[in-house]
Amino acid sequence: MNSIMNTQSTREKIRISDLHAFYGESHILHGIDLSIKQGELVTLLGRNGSGRSTTLRAIMNMVGKRTGSININGHETIDMSSHRIAHLGIGFCPEERGIFSSLNVEENLMLPPNVRSDGMSVEEIYEMFPNLAERRKSQGTRLSGGEQQMLAMARILRTGANILLLDEITEGLAPVIVQKLAEVLTKLKHRGLTILLVEQNFRFAAPIADRHYVMEHGHIAEEVHAHELAAKTELLNTYLGV
Amino acid sequence: MLHGYALGAVMATFLGINLFGLFGQLLVGLINGSFYALLALGLAIIFGLLKIINFSQGALYMLGAFTAWMALEYLQINYWWALFLVPLTVGAFGILLERFLIRPIANEDHLYSLLLTFGVALILQGLFTDWFGSSGLPYAIPEELKGGTKLPFMYLPNYRAWIIIFSLTVCAATWFMIEKTKLGAYLRAGTENPQLMQAFGINVPLIVTLTYGFGVGLAGLAGVLAAPVYSVSPEMGSNILIVVFAIVVIGGMGSIGGAILTGLAMGIIEGLTKYFYPEASNTVIFLVMVLVLLVKPSGMFGKEA
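Those protein sequence lines, which keep their order, are chains E and A.
Heads up: the first sequence at position 96 corresponds to 87 in my numbering, and the numbers run straight through without jumps.
Heads up: the second sequence at position 78 corresponds to 81 in my numbering, and the numbers run straight through without jumps.
The reader is advised that the hints may include incorrect statements.
Quick list of in silico lysine to aspartate or glutamate cross-link-like pairs, EDC-like style, CA-CA up to 20 Å [stated by the list, open to error]:
hint	chain 1	residue 1	chain 2	residue 2
1	E	56	E	24
2	E	223	E	207
3	E	180	E	118
4	E	128	E	118
5	E	178	E	70
6	E	28	E	9
7	E	56	A	112
8	A	185	E	97
9	E	56	A	111
10	E	180	E	207
11	E	178	E	207
12	E	171	E	115
13	E	28	E	214
14	A	183	E	97
15	E	128	A	182
Just so you know, the hints here were simulated from the structure itself, not pulled from any lab data.
Required output: the full structure, derived from the provided sequences and hints.
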């Protein structure tokens, strides 16, 4: 029984079929199908309003209503509440970063409960993000944008999450910090973490991602593997409008 | 002895101020302030996480006093046990209230839950008026706290000193728990962004229920403390609640430290007004509220929206 579970989890971490999501009366996602294997780094590309963030939020059950199937680590989660889904080993980093202003850096870092047993230790975290160590007693929202992003990443790595849902983590950050984030993601990928990345900055995503899903109007319009990028540049440009 | 008394009499009037009267009113102010602080603290905690204005806080304070009275009268449970058991009972009542009445309408406009808690308050008040009448019931000061201490300018009854010390200790402990512990970090973070907290794997609905239970448990505790000094009557809650709302507004909605400090400060200001200009003592807190709202609409300790 256990070995069956394990082989399944080593192959497919997330499988989404016919996912529809709604905010109140608005129907945002219209039947998404996608799957992500262990250790893959996959991006969701697309214009603003194409449903990329909503896809992440739908996986976490943070939308008004959702239908279809979302299988995580072999568990069907469509009827699970948000906090139970997290405990399947998911770490979510929202677009607005979600640093709590009433908590200091250390409290922000320690806030999310462990979802698996082998998370990074606080020492490892501070080694990866030395700025956070220096400012551990500062109010969370007093950090610079880049530091807040590091903190938002760090706190989900501490929990042991091995599936990361990252929403626009490079948005508004200086090139040197974007570079740092690319290094961090590559490191995490080597550790075997599975990453689903919503990204606007295609130059950031292209070199590190294995696959890309292009979204449009709440659908998956195209799937592009890393090795097809050169051949499909034209197509991507049309979808992304760059 | 005689000498001391004479000295006291000389010092008792200073610049035309009757110090006995002044300190007496200050003491009354501090005691009222202690109750304001406890009740405002509960309201602030509940408002912070649930975003609802708990209109039943006063009725639950009354319920606390009546539960203590009934426990003594029918079950011979003494004051000290009541001090421990009544907040738990009222808290449990609050948990049921949250779970079965407030939660089903939690996603509606907060006006609905406000009206719901107001309705619950009216029902409780009506029931207790029906059962016990509106004249008020006596509750004896526990044997251990009878008597008092003679201070230079005033006589300090032991029970009144106990109210001040005990309620301030409870307020300080609650403040510490919220501001300095991990559990408190959950509460603070949940106040800011409950949805993200839940996405991190924290059972937010459970925390909401327990928080409501704790907030109304504080009201129950205040009720037990109040039973020996104010008479136990169905209206005791509605009388104090309006003032407590003003205090929460002055302190800043949802501010924990603000609720405690403002509660005490307003008790004292009310006491001073009673001495210097008694006619205004019932309105002074509302005057302060108007001034604070004009100058800083988010309250003295509230964050700017």
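Tested hints:
1. E:56 to E:24: Answer holds: residue 56 (chain E) to residue 24 (chain E) is near 17 Å, not above 20 Å.
2. E:223 to E:207: 17 Å, holds
3. E:180 to E:118: Measuring from Cα to Cα gives roughly 18 Å; hence the hint holds.
4. E:128 to E:118: 17 Å, holds
5. E:178 to E:70: The given pair, whose Cα atoms are some 33 Å apart, is violated under the 20 Å limit.
6. E:28 to E:9: 18 Å, holds
7. E:56 to A:112: 19 Å, holds
8. A:185 to E:97: 11 Å, holds
9. E:56 to A:111: Cα-Cα ~16 Å, so holds.
10. E:180 to E:207: Roughly 27 Å between the alpha carbons, so the hint for residue 180 (chain E) and residue 207 (chain E) is violated.
11. E:178 to E:207: 30 Å, violated
12. E:171 to E:115: 16 Å, holds
13. E:28 to E:214: 15 Å, holds
14. A:183 to E:97: Holds, at roughly 12 Å.
15. E:128 to A:182: Holds, at roughly 14 Å.
Figure legend: structure checked against the earlier numbered hints; hints not met, in rising order: 5, 10 and 11.
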